[in-house]
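> Start from the sequences, fold in the hints, and give me the full structure.
135 is the number of the first residue of the sequence shown in the working numbering; add one for each residue after it.
Because the hints were derived from the structure by calculation, they are not lab data. Please note that the accuracy of each hint is not assured.
[What the hints assert, rightly or not] Mimicking SDA-like on lysine to any residue, the simulated pairs with C-alpha atoms at most 25 Å apart in a straight line are:
(1) K272 with S398
(2) K171 with K270
(3) K270 with T215
(4) K272 with F168
(5) K395 with L368
(6) K262 with K337
(7) K240 with N280
(8) K272 with H291
(9) K272 with N232
(10) K401 with S449
(11) K262 with R207
(12) K337 with S230
(13) K233 with V214
(14) K282 with T185
(15) K438 with D385
(16) K171 with S230
(17) K306 with L368
(18) K401 with S358
(19) K395 with H377
(20) K306 with K337
(21) K387 with K401
(22) K240 with D254
(23) K145 with S230
(24) K337 with Q166
(25) K240 with T185
(26) K262 with R442
(27) K171 with Y204
(28) K171 with D212
(29) K205 with V235
(30) K270 with N289
(31) K171 with N301
(32) K272 with K337
(33) K145 with K401
(34) K240 with M260
[Stated by the list, open to error] Ranges of calculated distance between the beta carbons of each label pair, as one might list FRET restraints:
(35) K348 with S218: 19 to 25 Å
(36) S399 with A294: 34 to 40 Å
(37) R409 with E253: 32 to 38 Å
(38) D416 with Q170: 28 to 34 Å
(39) V342 with A294: 15 to 21 Å
(40) N426 with G292: 47 to 53 Å
All figures in this text were calculated on a predicted structure; none of them were measured in a lab. Virtual Cβ for every residue (Gly too), placed ideally from N, Cα, C.
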Amino acid sequence: MNIPLEEYYDKHIEDGALLDNPSQRFSLLNIQHFLQKWMYPSFPFIYIWGTVGSGKSTMTDIIYNYYPRYKIRYHYSDFVTFISNEVLHKISKSFSWNKFVKTTFKRGQLLYIDEWVIEDITQAMMWKDLIPALMKRKVYVIITTNLKPTDIYLNGHGRAHISDLINTIAHKALVVELSQPFDFRNQSQLTPLTFNDNRSLEKIFDSVSQGERKKGTGPIKYSSKSVLWLDFNLCIHPPVWRHDYMSWSNDFKVVIIEGVKSVSSNKNLLANWVRFVDILYDNNNSVYCSYNDSIQSVLEQDVKLPLRTRSRLKSWLFVQQQFYSNLGETH
135 MNIPLEEYYD KHIEDGALLD NPSQRFSLLN IQHFLQKWMY PSFPFIYIWG TVGSGKSTMT
195 DIIYNYYPRY KIRYHYSDFV TFISNEVLHK ISKSFSWNKF VKTTFKRGQL LYIDEWVIED
255 ITQAMMWKDL IPALMKRKVY VIITTNLKPT DIYLNGHGRA HISDLINTIA HKALVVELSQ
315 PFDFRNQSQL TPLTFNDNRS LEKIFDSVSQ GERKKGTGPI KYSSKSVLWL DFNLCIHPPV
375 WRHDYMSWSN DFKVVIIEGV KSVSSNKNLL ANWVRFVDIL YDNNNSVYCS YNDSIQSVLE
435 QDVKLPLRTR SRLKSWLFVQ QQFYSNLGET H
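Next comes the structure, spelled out in C-alpha cells:
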C-alpha cells in the first residue's frame, strides 16, 4: 500500500468527490490498521453496517480501489447467483467448502460483498460453512449491510443453525458501525411537500444540467447533455424495456424520475421498476425522484417491493434531501 488510506481519502475530498465525514475517517483508520497487520488476523472479516445513506458503500469503494492485491467484488444477489451456478450443483460427498475456497480465492485476496443479508435457510447453511472456509484461507472479506451483527437473519427459519457463526462475527470480526441521525419516517426531516413538488425537480435540473434543455417524447420529458427527466408511469410501461434502461443509464449521469408511486398491484410493472432501480444503482447514476404517493406508502408499507429496492430508493432519497438542504429548500 503506497500511501496511507487516510491520505487517499483526503485526495478524494480535495478533488470534490467526497465530503469529509469524521465517522468514515475514524473507521478508515481502523480498517487500514486491520489490513496492514504483520500477520493475517485470525478472523479477517470486516463487517460494515449502518443506516441507509450513511456512506457504507462509498467508504468500501475507497478501500476496494485502494487495496493493491488480488480483489473481487459482488453485489450480494450476484454472489448468491455465482454460488448457485458454480458450486451448489456440484455438491457431493467429495465436495468441501475448504476445497472450493482454496481453488477459487488466493491467500490475502479481498472479497467485497455489498448489501449482504441472509434471506433464507439455504443461504444460512451456505454461510455457516463458507465463512469459516474463507477465514481459514485468510481471505479478507468485507461486507456492507443495514443490520447489526446480532440482527443477522433475525427470526429466520433455522436461525439456531448459525447462532455460533453470528456470535463469532459479533466478537471476532472488525465490526464498523456507520450511522447517521436521518430518519426517513421522521416527518420533520422528510417534508412530503418537497418530494411531491416538481418545482424542486426543476431546481435540480437547472443546478446539475450541462447544455440546453430539450423537450422529449414518450417517457422522456426533458433531456440535456448530462441529465434525463423521465415520467415514471411511462418509463415502466411497455414498450420500454431493459435495453432502454441500460441506454439511459449509460448516456446520462443524472436521472430525474417524476411521479413515483406504488405499482405492486401489477407484477410486470413492479418487475420493470425493480430492474430499472438496479441498473441505475449498479451504474452509480445520481437519481432524484418526485412521489405521487406518500413516501411512507412507497418505501415502508409496500410489502411487495423488495428490501433491496427500498434500500436503494432510500439512499437516493437521503442524497436528495441533502441536495435540497444545500439549495435552501423549505416548505
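> Taking the beta carbons of N426 and G292, is their distance inside 47 to 53 Å?
violated, 41 Å
> Could you grab the alpha-carbon distance between K262 and R207 and see if it respects the 25 Å cut-off?
holds, 20 Å
> Against the 25 Å threshold, does the CA-CA distance of K205 and V235 hold or violate the hint?
Holds - the C-alpha atoms of V235 and K205 are around 14 Å apart, at most 25 Å.
> Are the Cα atoms of K395 and H377 separated by 25 Å or less?
holds, 23 Å
> Given the range 32 to 38 Å, decide if the beta-carbon distance of R409 to E253 lies inside it.
For R409 and E253 the Cβ distance comes to about 19 Å; the hint is violated.
> Compare the distance between the alpha carbons of K272 and N232 with 25 Å, and conclude whether the hinted pair is satisfied.
Answer holds: K272 to N232 is near 11 Å, not above 25 Å.
> State, for the Cβ atoms of K348 and S218, whether the hinted interval 19 to 25 Å holds or is violated.
violated, 44 Å
> Between K262 and K337, does the CA-CA distance stay at or below 25 Å?
Not satisfied, since the Cα-Cα distance of roughly 49 Å exceeds 25 Å.
> Are K171 and N301 close enough, with their CA atoms no more than 25 Å apart?
Status holds; Cα separation ~23 Å.
> For the pair we were handed, K240 and D254, check the Cα-Cα distance against 25 Å.
violated, 28 Å
> Straight-line Cα separation of K272 and H291 no greater than 25 Å?
Violated. K272 to H291 sits at ~30 Å, over the 25 Å cutoff.
> Under the criterion that the straight-line Cα-Cα distance not exceed 25 Å, is the pair K401, S358 satisfied?
violated, 32 Å
In summary, the numbered hints that this structure violates are 1, 6, 7, 8, 12, 15, 16, 17, 18, 20, 21, 22, 23, 24, 25, 28, 30, 32, 33, 35, 37, 39, 40.
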